[in-house]
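The opening position of the sequence shown corresponds to residue 185 in our numbering, with each subsequent residue numbered one higher.
Because the hints were derived from the structure by calculation, they are not lab data. Think of the CB as a built atom: it goes at the ideal place given N, C-alpha and C, for glycine as much as any other residue. Among these hints, one or two may not hold up.
As the list claims (entries may be wrong) - Derived DEER-like restraints, expressed as beta-carbon distance ranges:
{"hint": "1", "residue 1": "L194", "residue 2": "D221", "range": "28 to 38 Å"}
{"hint": "2", "residue 1": "K207", "residue 2": "N243", "range": "15 to 25 Å"}
{"hint": "3", "residue 1": "R242", "residue 2": "V211", "range": "16 to 26 Å"}
{"hint": "4", "residue 1": "P232", "residue 2": "A193", "range": "31 to 41 Å"}
{"hint": "5", "residue 1": "T209", "residue 2": "R242", "range": "14 to 24 Å"}
{"hint": "6", "residue 1": "N187", "residue 2": "R229", "range": "30 to 40 Å"}
{"hint": "7", "residue 1": "N243", "residue 2": "D219", "range": "15 to 25 Å"}
{"hint": "8", "residue 1": "R242", "residue 2": "L205", "range": "18 to 28 Å"}
{"hint": "9", "residue 1": "Y190", "residue 2": "P232", "range": "30 to 40 Å"}
{"hint": "10", "residue 1": "P232", "residue 2": "V189", "range": "32 to 42 Å"}
{"hint": "11", "residue 1": "A239", "residue 2": "V189", "range": "17 to 27 Å"}
{"hint": "12", "residue 1": "L194", "residue 2": "L227", "range": "18 to 28 Å"}
{"hint": "13", "residue 1": "R229", "residue 2": "V189", "range": "27 to 37 Å"}
{"hint": "14", "residue 1": "L205", "residue 2": "N243", "range": "11 to 21 Å"}
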Amino acid sequence: MKNTVYRTALTPWIVVHIHSLQKRTIVARFRNRNDADGHLAVLRRLMPEAELQIAFDRNSTDN
């Protein structure tokens, strides 16, 4: 459990797949924004119809 919290705190940048207004899924976590941007570009090529966003997970740093 503690290892998961630590890993989450190290990777605050997330790529989110938005299914609807109520349903969102975290696709991947990254340590820096550039890595998240690169992964998002690949996902948009593979899944052009999907609504994807990058966000900073503030909850990961509240520990």
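Verification of the hints:
1. A hinted range of 28 to 38 Å for the beta carbons of L194 and D221 is inconsistent with their spacing of about 18 Å.
2. Range check, K207 to N243: about 18 Å between beta-carbon atoms, so the 15 to 25 Å window is met.
3. Between R242 and V211, the C-beta spacing of about 18 Å keeps the proposed range 16 to 26 Å intact.
4. Roughly 33 Å separates the CB atoms of P232 and A193, a value that falls within the hinted 31 to 41 Å.
5. Checking the proposed 14 to 24 Å range against T209 and R242 shows it holds: the Cβ atoms sit about 18 Å from each other.
6. Distance hint check: the CB atoms of N187 and R229 are about 33 Å apart, consistent with the given range 30 to 40 Å.
7. N243 and D219 have their C-beta atoms about 19 Å apart, which keeps the hinted 15 to 25 Å range intact.
8. Between R242 and L205 the CB atoms are about 20 Å apart, so this pair conforms to the stated range of 18 to 28 Å.
9. Taken as a hint, the range 30 to 40 Å holds for the pair Y190 and P232, whose Cβ atoms sit roughly 35 Å apart.
10. In this structure the hint that P232 and V189 lie 32 to 42 Å apart at CB holds, the actual value being about 35 Å.
11. For the pair A239 and V189, the supplied restraint of 17 to 27 Å holds, since their beta-carbon distance comes to about 19 Å.
12. Checked against the hint of 18 to 28 Å, the pair L194 and L227 passes, with Cβ atoms roughly 21 Å apart.
13. Roughly 33 Å separates the CB atoms of R229 and V189, a value that falls within the hinted 27 to 37 Å.
14. Between L205 and N243 the CB atoms are about 20 Å apart, so this pair conforms to the stated range of 11 to 21 Å.
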